[in-house]
Amino acid sequence: DGKYLEKIGTYNPNTNPATIELNLDSAVKWLHNGAQPTDTAKAILSYKGALLKHHLDGGIRKGALTQEQADAKLAAWLDAKAGKVDAKKEGLTKAQADAKTKALKAEKEVNAKRLASAAQADAIAAATPAVEEEVEEAPVAEVEAATEEVTEAPVADDSSASEQAEQTPEA
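In this note's numbering, each residue's number is its place in the sequence shown (first place is 1) plus 988.
Mixed in with the good hints, there may be bad ones.
Claimed, not checked - The following label-pair restraints were derived from C-beta to C-beta distances:
no., residue 1, residue 2, range
1, Lys1069, Thr998, 16 to 26 Å
2, Asn1021, Gln1055, 16 to 26 Å
3, Lys1101, Glu1009, 43 to 53 Å
4, Ala1085, Ala1115, 40 to 50 Å
5, Tyr1035, Lys991, 24 to 34 Å
6, Tyr992, Arg1102, 58 to 68 Å
7, Ala1109, Tyr999, 49 to 59 Å
Simulated from the structure, these hints should not be mistaken for laboratory data.
Quantities reported herein were computed from a predicted structural model and do not represent experimental measurements.
Cβ atoms here follow ideal geometry from the backbone N, Cα and C, with glycine treated the same way.
All chains should be built: construct the whole structure from the sequences, respecting the hints.
Spelled out as structure tokens, the structure:
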């Protein structure tokens, strides 16, 4: 009926791997009482070992196992599961560290290229002022010569303009 009965744990899928906190004894008690978990809840209970403990308790009731044997099997399974989870966490940590070192290496390459281009620009800027001084001196002499020519040229233009002005009224 979807009513809240008892909180036996929490699940946080936002972490990697997902964080699951489960009261194992309470979960097994509910399974003994006939609780039917949903598919998702069943997967979580299986992941944490509640279904295995419920299965082993059934073997104890039937006399196939002793309590010590069941506890040993459960402990061995939980240790193996914890080893797998730890290996995954280490793999994720290593992958994160590798990604970080790659990013730092790429950033160092970009910075080296920037420094090289800045040094090249500085070298060009240092060489350019000497060339500009020589270029500036040469146009000054040419400008003086051009000024003299321009002064003479308008005189010729004025005479041709006056000739055109005289021809226009005749037409």
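Index of numbered hints that the structure contradicts, given in increasing order: none
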